[in-house]
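Chains A and B, in that order, are what the protein sequence lines are.
End of the first sequence = 137 in full-length UniProt numbering, gap-free, step of one.
End of the second sequence = 401 in full-length UniProt numbering, gap-free, step of one.
It cannot be assumed that every hint is accurate.
[Unchecked claim] Cβ pair distances, simulated, as ranges:
#1 A:Asn123 - B:Ala311: 56 to 62 Å
#2 A:Asp100 - B:Arg62: 36 to 42 Å
#3 A:Ser38 - B:Ala15: 51 to 57 Å
#4 B:Asp208 - A:Asp73: 54 to 60 Å
#5 B:Gln35 - A:Ser38: 37 to 43 Å
#6 B:Thr391 - A:Gln16: 22 to 28 Å
#7 B:Gly368 - A:Gln43: 46 to 52 Å
#8 A:Gly19 - B:Asn79: 51 to 57 Å
#9 B:Pro142 - A:Gly19: 42 to 48 Å
#10 A:Gln127 - B:Ala384: 40 to 46 Å
#11 B:Gly307 - A:Ser38: 45 to 51 Å
#12 A:Pro4 - B:Gly307: 50 to 56 Å
#13 B:Leu42 - A:Asp5: 54 to 60 Å
#14 A:Gln127 - B:Glu18: 53 to 59 Å
Rather than coming from a laboratory, the hints here were simulated on the basis of the structure.
C-beta atoms are modelled at their ideal positions from N, C-alpha and C, and glycine is treated no differently.
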Amino acid sequence: MTLPDSANEALAAFGQSGGWEQRARLLMQWGDRLEPLSDEEKQEANRVHGCESQVWLVGEPGADGWRFRATSDARLIRGLLAVLLVRVNGLAGDELVKLDLADWFAQLGLARHLSPSRSNGMNAVLQRMRELARPTG
Amino acid sequence: MALDSPWRSDFPALAAFEAEGQVYLDSAATAQKPQAVLDALLGYYTSGAANVHRAQHLPGERATRAFEATRTKATHWLNAHSPAEIVFTRGATEAFNLLAYGLEAEFEAGDEIVISALEHHANLLPWQQLALRRGLRLLVLPLTAEGVVDMDAARELIGPQTRLLAISQLSNVLGCWQPLTELIALAKVHDALTVVDGAQGVVHGRHDVQVLGCDFYVFSSHKLYGPEGVGVLYGRSEALQRLRHWQFGGEMVHLADYHSADFHGAPMGFEAGTPPIGGVIALGAALDYLGSLDTGALFAHEAVLHGKLLAGLKVRDGVRVLGTPQAALASFVVDGVHTADLAHLLGEQGIAVRAGQHCAMPLYKRLGLTGAIRVSLGLYNDTADLDHFFTALDRALELLR
């Protein structure tokens, strides 16, 4: 399966990052590029629980797969969301189900970056994406 | 000035952490174990495990003797009257649940249970659920800005309807000693039962339950440098007699028939099933080890480190310490910096501190915070650990600001 350009860009950027400081800076830069959510979208119904910070997620189906937007009140979590979004946006519902989250973060060299609690948080986000993309009726 | 811990080398885990670049500052969550505890665990299993209080054979006798020796050591540790006042549970949390179920029959609808705003979930939820089951009122003592129970409010709230007071000795979030003597005296005026959560307090002081005058005192082994899976419940003998049995099975039964049974009193009657034998024996080793140390030197060491921790936090811009910590730990937030981000970058630098709400969600809600970073100390920590922490903190803040 071919990755979208932005996912390849993430791989290239994070693949070269050496130390923790560089990784943190990159994460913050990527987090700053997130498409913002409106105050209206940052409502309880869009909150993903199970994260150590507040995370909101919205998504809608498009002609070329699902489009998600997400944000958090924590900067590094925004960065993790950003690199998650570039991997998932454009996927179809059944592709989302098959996505191996740990593998993606490992490819980015961020596996160690994901503590169990943070990893649970990202898993909760992916889980919510899958629920949103689940065919209804 | 650098201050080494003379006891650090007694704890193999500290060298292991050092080798992998980890600085352990989370002892309030769980403490590392001295070699003496590891030896006791290994010694018990390698010389032959056996169940306690059952068998007539030699291994069974040996296990029972070692198991009961810990009960005696815990008796001395707390200065209880007799070993019959020491009940082993599977943790502090289980001890509180034992009390909340065992004392349930003491309460009638409308009675009041008093706790404080800083209780750990373990000393909150069992009482909250008991109150819901029996239609009781759960009153919450407010705190002063320093982080201690407000005694003026306590005098108002503890009254003739109070049947039980359950209170932490040393807060796991704020690091403040609570005015136990005054609170217990207040409760006694109204003949209320008193329960002390000593999970943190027992690690950073030597306490005499007869002087405290409480009915029950609870602590957990794993925070006191012993193994997990063991809790200690002290109960004054008259208070223990008021407990109803709550878990059934094993050697807690005296006589059993198909349709009825008769049970032992405390402590045996409250130790249903096979207890954590190896863990209890190793807790005895932890108490022996701690008892062999110069207590004065130990608490002086902890006080100096704690002072340095507070001083270092104080000089840093925007760092806000919660309450006025007196011992063992400090929780803090940094203005304009998300706690999750800071925790993330401290973790990246090998600093093992706790971030979040530290099993005290209602307290954080009351403080208007979503979480904090907690640095907590053990007797094996030294100033080099704090230096590493502060260096990491500065680098993290530099990146985040």
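We went through each hint and held it up to the structure:
no. : hint                            : result
1   : A:Asn123 - B:Ala311: 56 to 62 Å : violated, 40 Å
2   : A:Asp100 - B:Arg62: 36 to 42 Å  : violated, 52 Å
3   : A:Ser38 - B:Ala15: 51 to 57 Å   : holds, 53 Å
4   : B:Asp208 - A:Asp73: 54 to 60 Å  : violated, 47 Å
5   : B:Gln35 - A:Ser38: 37 to 43 Å   : violated, 59 Å
6   : B:Thr391 - A:Gln16: 22 to 28 Å  : holds, 26 Å
7   : B:Gly368 - A:Gln43: 46 to 52 Å  : violated, 21 Å
8   : A:Gly19 - B:Asn79: 51 to 57 Å   : holds, 53 Å
9   : B:Pro142 - A:Gly19: 42 to 48 Å  : holds, 46 Å
10  : A:Gln127 - B:Ala384: 40 to 46 Å : holds, 42 Å
11  : B:Gly307 - A:Ser38: 45 to 51 Å  : holds, 48 Å
12  : A:Pro4 - B:Gly307: 50 to 56 Å   : holds, 54 Å
13  : B:Leu42 - A:Asp5: 54 to 60 Å    : holds, 57 Å
14  : A:Gln127 - B:Glu18: 53 to 59 Å  : violated, 38 Å
When held up to the earlier numbered hints, the structure conflicts with 1, 2, 4, 5, 7, 14 and fits the remainder.
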